[in-house]
Amino acid sequence: MLREAERSLEERLKSPIGRTTATRFESITTDRFYFWLEDGILINPFDFVVVESVENTRTIGMVTSIRSITDAESHLANIIGRKIPEAEQPVERLGGLICEATVLRNLGYQIGRRSVEIRMPVPPDKEVYYADEEMIRKAVGADLIKGVAIPAGVTRQTSGISATIPLDSHYLLGPEGAHANASGISGLATKTSYLMFLLLFLHQKIPKEVASIIFNVKYSDLLHIREPASSDEITDEDKELYETLDLKPVPFENVRCLLPRAREGKPASYEPPTEHTLYAFELNDVYDELDLLFSEVPDPWGTVARFTTGLSRSWRKGAGMSIGLNVVRNWSDLLGIADENFGEYFGISAPAPQRIKAELHRLTRNHVYVNERTPEETYLREEIKKIKAGEIIVVDIFPLPRETQTFVVGDVMRAIEELYEEAPKTLPRKILLLIDELNEFAPRGEITSLSRMIVDIARKGRSRGTILFSAQQFKSQVHDQIHGNCSTHIVGRTGGSELQHATYAYLDQSAKQDAMALGLGELIVSFPVWRRPVKGIFPRPPYRIPKR
Amino acid sequence: MGYEEITKIGSCLRNGELVVSPFEDPLEEQRMWDPDLGDDDLNFALDNLCVSLEPELREGRNIEVKRLEKSSLVYFLDGSLRTKYVGEYSEGRLSCPLIVSEIGVTVVKRELRNVRPLTLKKRQYFIFPHKDSGLLSDTTYDRLHNLGEELERNSSRTRVEFLQKTDIKGDVKYSMLGKVRSIMHDFEHDVGSSLERLSTEWLVMDGAIRKHEFMQLPNTIGLAKSFSRKPVLDVGRGKPIMLPLYLRGVKEGQRSAVFRKQQETTEQLVFWYVRLRSLPQIEPLEGVVKIDYNLRKDNLEREDIDRIDEISAEIYSLRNPAIYPHRKWLSTIYPIKFAEECLSSSFTSKEILGRIGGWLRHATRS
Chain U
1 MLREAERSLE ERLKSPIGRT TATRFESITT DRFYFWLEDG ILINPFDFVV
51 VESVENTRTI GMVTSIRSIT DAESHLANII GRKIPEAEQP VERLGGLICE
101 ATVLRNLGYQ IGRRSVEIRM PVPPDKEVYY ADEEMIRKAV GADLIKGVAI
151 PAGVTRQTSG ISATIPLDSH YLLGPEGAHA NASGISGLAT KTSYLMFLLL
201 FLHQKIPKEV ASIIFNVKYS DLLHIREPAS SDEITDEDKE LYETLDLKPV
251 PFENVRCLLP RAREGKPASY EPPTEHTLYA FELNDVYDEL DLLFSEVPDP
301 WGTVARFTTG LSRSWRKGAG MSIGLNVVRN WSDLLGIADE NFGEYFGISA
351 PAPQRIKAEL HRLTRNHVYV NERTPEETYL REEIKKIKAG EIIVVDIFPL
401 PRETQTFVVG DVMRAIEELY EEAPKTLPRK ILLLIDELNE FAPRGEITSL
451 SRMIVDIARK GRSRGTILFS AQQFKSQVHD QIHGNCSTHI VGRTGGSELQ
501 HATYAYLDQS AKQDAMALGL GELIVSFPVW RRPVKGIFPR PPYRIPKR
Chain Y
1001 MGYEEITKIG SCLRNGELVV SPFEDPLEEQ RMWDPDLGDD DLNFALDNLC
1051 VSLEPELREG RNIEVKRLEK SSLVYFLDGS LRTKYVGEYS EGRLSCPLIV
1101 SEIGVTVVKR ELRNVRPLTL KKRQYFIFPH KDSGLLSDTT YDRLHNLGEE
1151 LERNSSRTRV EFLQKTDIKG DVKYSMLGKV RSIMHDFEHD VGSSLERLST
1201 EWLVMDGAIR KHEFMQLPNT IGLAKSFSRK PVLDVGRGKP IMLPLYLRGV
1251 KEGQRSAVFR KQQETTEQLV FWYVRLRSLP QIEPLEGVVK IDYNLRKDNL
1301 EREDIDRIDE ISAEIYSLRN PAIYPHRKWL STIYPIKFAE ECLSSSFTSK
1351 EILGRIGGWL RHATRS
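Protein chains in written order, with my numbering: chain U, 1 to 548; chain Y, 1001 to 1366.
Everything labelled a hint here was simulated from the structure, so no lab data went into it. Any given hint might turn out to be false.
[To be verified] Heads up, simulated DSS-like pairs for lysine-lysine below, C-alpha to C-alpha not over 25 Å straight-line: (1) K1121/Y to K126/U; (2) K218/U to K547/U; (3) K126/U to K1350/Y.
[Said to hold, decoys possible] Label pairs and their in silico Cβ distance ranges: (4) E1196/Y to S8/U: 34 to 44 Å; (5) D1186/Y to R24/U: 52 to 62 Å; (6) S8/U to L1120/Y: 27 to 37 Å.
Glycine included, C-beta positions come from ideal geometry on N, C-alpha and C.
Same shape as in the complex, but just chain U (with noise of 0.2 Å):
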């Protein structure tokens, strides 16, 4: 028999590799199916296969585990074999691989124009061979996508078969389900590079239906999207992925790169693009919101919440307001308020408005709060309710203290809910909200002012359009909610111990042993209407990002 690189593709995919086994104490189930492997057959866990089934039907299924068996009873009887030095092994003990399958889809039969799904086990004794491109285009449903079809990444098979694995962009984006979450640990170009090539696809095949926001959370990573990467960044397979893909390996168009403003009016970000806008916040931009800012101040006796209440109420817009003789149009004059004044306006008594006065000046401390912007200076809320159809702003948050972070990324929250409410003429069928290091934001057992708003576009965005693009190293740090709503989940490479947790029960165990050996660039996507996740691979972003 020829080895299996010595075999052409055709010829690999024309002959058995197996056939299906069933035993008294392995049966074939309507879920999975066991094949024994002719010798020399190469195959690994996540290769689709196809067999044979009842009705001259046939059934996809993917591998999960691959066990080698003998007949030896135990492994005493090989070390017996083994132990008496001069006795040479003259023969080879029988053996075997073994492949467990799950079972992806039946292809059923025609019932008229009705196509009936056949879900009875797989008959033992039949025939199994690699899955050519169209069947794995099939397991996966690429032939029942309502809307549109999005990659989610190009599979590899072992026998040498290249497939595009489709997501339905109803299950995606809305209405059936929607949301992606991505996790793993970082430093392997995965989490965010992948959701990124996602936005790319949308924003190549669909802009006039999409606008997107991007926080970044990392250097100047995604500062540079419109920028295209140098050529030893984009190798000869990426060119080749994305050709496989039906995407151009150009940067992002048509993006605005809002940064925060630093010391002296110039940007606080790490290498700031050429083109970009500064944000800075005016007590009278943001008197509505501070209880965002205050978002995670102890507040057990509810004085902060009165004092954030008492002036959101008080203020109006453009004139400020006035405590005792003060007139407050600034931060520096809510800081220069008594505290005898400050307890009596607000209803508070000592210590708590020291407390908060301090507390006020260590939030506002950073540069982007400003007793006044400058006409080069925006103000971020009005900045986003600009978003138009195509349109990706992204909005640098890396170099801000923690807490700033919170409240830009609830700002911007703010500014979405508000656009839902004005309705403009030009607002896009669907927003899509990237978070990186979303357990920051949205942390597991805390309820905030800005995790109620992102659990709330969890829950709801999928009917309004508002699509959160989520990502985090560890997903059971994120509020159980957000991972709940989310329909498509993406792994890279994960811990085994993260991998434990409950978050992760749509992996089997073989799936998550696979979860812990993940390489650069490599993931494994769960999506809605497949029956086990699928592992792929997706090509290196086409712009820029700056080398650290």
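Using the hints provided, position chain Y relative to the given structure of chain U.
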């Protein structure tokens, strides 16, 4: 199992009534003691004195185990059967037991370091007493006889056989089991003799080869995992000693002297023993195999001794891979276990075997 053939057999029994055994288990072989041991005991029952053809060897002879460049033991043949007592057939005042046996014979071939199945043949036999036994009516016998001939003509895998009156010794049912074993040996011979092999390729048969037909097969040895402890051995010095005592002196990796029954009636059959394994505290016959060989002459010559040494060395090396914890792992060589595995995996399940009685009875009534 051919349902159609079973229906035809049932139809032959329409004049009587079949009382079907309600039990699926046990199979008859599970009730019986080791048949190989029984055969060997029978062989040495009347005449158990054996003489050594190598009087210079008092105890064992060391086998030189080396990696053999070319193996001469290439084919390994094993026969096996699975027998079910179907029930009692009664017709008028006559009555007889009815058994069905599935008999399989396989040959595995050793190629380089691999062993692979070469051939596997199976048949199902329904055993009835011959009409001369007075246990079956002439009419039913004639019907079954005609059907048996028809099945044979059609090369059907289902066959009908009869037990002659002269073959009935003691209990009819146990005589039928003896008949089945005899059929299996014939079947083994058929398969063994039909093998196309080179003159340098030897055949190893599982069990003894005392049967005349086996003795005619060229380059063939019999390898018995269990054998009689009855032989008394005349090793050439002093009084003859009993086999277990003699085998205590044959250490692992050694073969015994070559023996022949003093009153040998089966041509020039010689035999010797090889100890494959010796673990502490095992009884003397454990870990030893007995090898039968048709010497085709009266005395051993140098070339015979060389061949016997070579065969012994090869058998010794084939004790690995070990098949622990199989009941007979100490004295089993791997290719024979492989052949047994091929057979057992091809046999009809005991559940199906257990349903044959029901099918037969149904056919007798329809």
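Status of each hint after checking the structure:
For the proposed pair K1121/Y and K126/U, the alpha carbon gap of about 23 Å is at most 25 Å, so the pair holds. Annotation: proposed proximity of K218/U to K547/U holds, straight-line Cα distance about 12 Å (limit 25 Å). In summary, the hint linking K126/U to K1350/Y is supported, as the alpha carbons are separated by about 24 Å, within the 25 Å threshold. Remark: the range hint 34 to 44 Å for E1196/Y to S8/U is upheld by a beta-carbon distance near 35 Å.
Distance hint check: the CB atoms of D1186/Y and R24/U are about 33 Å apart, inconsistent with the given range 52 to 62 Å. A beta carbon spacing of about 34 Å between S8/U and L1120/Y agrees with the range 27 to 37 Å that was offered as a hint.
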